[in-house]
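Novice: Sequence:
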Amino acid sequence: MLEEETVKGIIEHMNADHADAVLLYVRAFAGHEAATSAQIVSFDEKGMDIAFVEKGSEGACRIDFEKPLSHAGDARRVLVKMVGDARKKLGEPAPSKGHG
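Here the sequence shown is numbered in this note's numbering, starting from 14 and rising by one per residue.
Simulated from the structure, these hints should not be mistaken for lab results.
All values reported here derive from a predicted model rather than from experimental measurement.
The reader is advised that the hints may include incorrect statements.
Computed spacing ranges between beta-carbons, pair by pair [unchecked claim]:
1) 26 to 73: 15 to 23 Å
2) 57 to 97: 17 to 25 Å
3) 109 to 14: 32 to 40 Å
4) 90 to 69: 31 to 39 Å
5) 104 to 18: 36 to 44 Å
6) 84 to 106: 29 to 37 Å
Beta carbons: idealized from backbone N, C-alpha and C, even for Gly.
Build the full structure now, drawing on both the sequences and the hints.
Specialist: Okay, here's the thing in structure tokens:
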């Protein structure tokens with residue numbers, strides 16, 4: 014089980030610095046391709062709950078990881094891989110710089 018402070022840090026970091034990645038997760042893995050914004054609201058070793066806006070309406074979804082995280086250090090690797098997988102699924106190009 015991930016520690017509460019670790020989870021809080023992951024959520025804050027992803028929502029503040031990687032909102033584009035969170036939106037990609039919703040579009041690619043939850044089937045809400047028209048979503049215009051998204052924020053992680055909870056995160057655990059099995060996946061994350063995300064609130065989003067699509068066509069002016071609020072929604073929520075659960076996105077599970079392929080396999081549970083063994084420890085907090087797995088989170089970055091898994092989330093970065095998910096961005097790449099989401100881009101491929103949606104047919105979006107990878108950015109020319111950066112990791113997300």
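Novice: Within 29 to 37 Å or not, the Cβ separation of residue 84 and residue 106?
Specialist: holds (32 Å)
Novice: Does the Cβ pair residue 104, residue 18 satisfy 36 to 44 Å?
Specialist: holds (37 Å)
Novice: Residue 90 and residue 69, beta-carbon distance inside 31 to 39 Å?
Specialist: At roughly 35 Å between Cβ atoms, residue 69 and residue 90 fall inside 31 to 39 Å, so the hint holds.
Novice: So the hint says 32 to 40 Å: do the beta-carbon atoms of residue 109 and residue 14 match that?
Specialist: The hint (32 to 40 Å, Cβ to Cβ) holds, given that residue 109 and residue 14 are roughly 38 Å apart.
Novice: In this structure, is the beta-carbon distance linking residue 26 and residue 73 contained in 15 to 23 Å?
Specialist: holds (20 Å)
Novice: So the hint says 17 to 25 Å: do the beta-carbon atoms of residue 57 and residue 97 match that?
Specialist: holds (22 Å)
In this structure, every one of the numbered hints holds.
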